[in-house]
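Trainee: Next come the chains, spelled out residue by residue.
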Amino acid sequence: MTKSTEERLLELYFANLDIIGDGFPLSLNSKRRDYLESFNLIGLPSKKDEAYRHTPIKGIFEQEWENYFIPTETPNNLPCEGDCECCIKVSNGFLGEDYRWLQMDNGVAIGSIKSALQHMPEVVLSHLNSMAQNDTEPLTALNSAFMQDCVFVFIPKGTKVERSICIEYNYSTKDQQVMSFARMLVVAEDGVDAKISVLHKNREGSFMVNFVKEVYVGDSATVELTEFSDMNCNSVLFNNSYSSQKKQSKLSGVNIWLGGSVTRYNGVGEFDSTESENKFYGLYVSEGEQVFDINTYVNHKVSDCSSYQQVKGIAGGSSVGSFTGRVYVATDAQRSDAVQQSKNLLMGSDARVYAEPQLEIYADDVKCSHGATVGQINDDSIYYMRQRGLSEANARKLLMHGYINDIIMHCSIEHVCDEIVSSVDRIVDRF
Amino acid sequence: MLEIKNLHASVGGKKILKGINLSVKAGEIHAIMGPNGAGKSTLASVLAGNQKFDVTEGEVIFEGNSLLESSVEDRARAGLFLGFQYPVEIPGVSMANFMKLAIAERRRHQGLEPLTSSEFLKLMREKSQVVELGGKLMGRAVNEGFSGGEKKRNEIFQMAMLDPKLAILDETDSGLDIDALRVVATGVTKLHREDNATIVITHYQRLLDYIVPDFVHVLYDGQIIYTGNKELALKLEAEGYDWLINKSE
Ligand SMILES: Nc1ncnc2c1ncn2[C@@H]1O[C@H](COP(=O)(O)OP(=O)(O)O)[C@@H](O)[C@H]1O
Ligand SMILES: [Mg+2]
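Note that the protein sequences, when read in sequence, are chains A and C.
According to this note's numbering, the residues represented by the first sequence are 1 to 431, in order.
According to this note's numbering, the residues represented by the second sequence are 1001 to 1249, in order.
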């Protein structure tokens, strides 16, 4: 009998047990088995699974993917182009020697989780896997079992970080097909004010990246997080992102998804304490036969929090774009304010776009609204701009830029914005 | 400057313009009045080159060239400006950026170098004063969240920036309170010169308290049924269109 994909992954894990757990404390390593167990129990979602109907997860995993258990490339340590507080580069999931541990004068620390376990074990142990849904999300559980190196960002209490903190994940291989269990943990303590950028760049080769990110935002902390992925045409990105927000905190996320054959984003935002604000801006630009499957879940489990989500898509070719936004408002979560918007531009005659808001509201004193639009380029707008002398092509371009700018303008990290704009332009110019 | 001869146009097979004749010379201001649905906006759209409308007969000469064959943008670059009855909102595109591109196209057509950033900013500042439009609108997205009055003032601002040879203003006065009306109308008057021309489309005479037209035309059922001077507007205000319509039928 042929082995199932799940069985093959389990075998892979047990064959490399020692190297995977190398450098981690026993307490952490022993949990890996639990995560693997829950992965095996739930199994890989199939297309019949409603939540995964646009993402052929099983089919993707059934392909041959090699896993690198040791670093194969040294990340280049060229400084980031922007004006950053600190930047760190990750190669195929592993941090380079130069980046094991960097601590600034203001206490901001960034580096590998293994180093962090030496320097501040209690911080790491209390947050790692505290947000990731390892018992319900098979892809997350799989990452938690296989995870080797992990970027750890620590911003101590009350620190205002003027410049941005940049993390760049590079995926590059000359081999056939490689999978990566890249990981990230951000701990922004009480009163912090910081801007973080996370980039996923896939310069060469096909990857299946199964990424997990956990972001903790303490009391009265303000965090702006921009994440930008630009993958190769045969690569797949599963981005499982979790956040936990304490009292009166603010988390604003800008998410730009480009490239890849399949991109699945699974974002979970939890309000753990009252009077917090969560903003989520998203944009994908799809062409060819790409799939972008964007899922968010905001959990208003306490009162007086507000969430705002705006996800935009530009779908060309015969691509598929989907946004499923779930908002849960618990019985006690009075005075919750939740807004969800999905706007889509259909640029290809065979492109398909799905937008599905799912509101589950159990409190009575709440403000919740949602809306979804799917449209083509507005002819009246084109006519208006042409009447001012712009060519039709330039008018279309400008209109799309405007459409995109609506999302990108929420990112205040200039060099990241520039990079996003030039990458988006390259695609939009083809429409 | 503009010569319209026996212009017929239809939309979706429905005849709207039924033989328009009109001649506009440099230095003139023409008013086109007429009841709702007469075809005033259609005439403006056809002149601007809106492809929704089919020209079935007639010709239009603008500055010595046949107009009807050229594209919307080429007409604009050649100096034809349309002030829209319903200006369009363009989210995410700043007024400044939009105008920068539009000016660049207009100047390219005129064989001029693009403006430098500081020249452009100076021009923006100068022209926004024509319609008393605050500089803060320039950073905002085109027409997005603008009040009705701001939208109309913004049309005149764009006209000032682009310095057209012929401006056609479609009901720039409608929906304006008396202050906004005065601002818009004096803006148009300030922009008037001996080497340009303006066609104002309106169905109220009140705009003509500020803008003094050389000719007033009455458009009804796709034809110009009467042409007079500014006194005609007053008579129309007092007596309506019926006496003219009865006369023409
Ligand atoms: N896009 C269109 N499709 C169908 N009918 C139209 C369209 N635009 C205008 N019309 C019709 O053409 C006639 C003239 O309209 P319009 O030029 O807007 O009049 P005015 O500006 O004088 O009020 C009206 O009967 C109107 O319903
Ligand atoms: Mg009209």
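Hints may be right or wrong, so weigh each one.
Partial list, derived from the structure: chain A residues whose beta carbon lies under 7 Å from chain C [said to hold, decoys possible]:
1) Ser381
2) Tyr384
3) Tyr403
Result set (EDC-like, lysine to aspartate or glutamate): computed pairs, CA atoms no more than 16 Å apart in a straight line [claimed, not checked]:
4) C:Lys1052 to A:Asp379
5) A:Lys301 to A:Asp365
6) C:Lys1005 to C:Glu1069
7) C:Lys1052 to A:Asp380
8) A:Lys3 to A:Glu64
Rather than coming from a laboratory, the hints here were simulated on the basis of the structure.
Everything numeric in this text was worked out from a predicted model, so none of it was measured.
Just so you know, even glycine gets a beta-carbon here, dropped at the ideal spot from N, CA and C.
Trainee: Each of the hints needs a verdict: does it hold here or not?
Mentor: Each hint, compared with the structure:
1. Ser381: holds (5 Å)
2. Tyr384: A:Tyr384 check passes; min Cβ-Cβ to chain C is 4 Å, inside 7 Å.
3. Tyr403: Holds - the Cβ of A:Tyr403 comes within 7 Å of chain C, reaching about 6 Å at its closest.
4. C:Lys1052 to A:Asp379: holds (10 Å)
5. A:Lys301 to A:Asp365: Distance of about 14 Å is within 16 Å: holds.
6. C:Lys1005 to C:Glu1069: With a Cα-Cα distance of about 15 Å, the restraint between C:Lys1005 and C:Glu1069 holds, given a limit of 16 Å.
7. C:Lys1052 to A:Asp380: Holds - the C-alpha atoms of A:Asp380 and C:Lys1052 are around 10 Å apart, at most 16 Å.
8. A:Lys3 to A:Glu64: holds (13 Å)
The structure agrees with every numbered hint stated previously.
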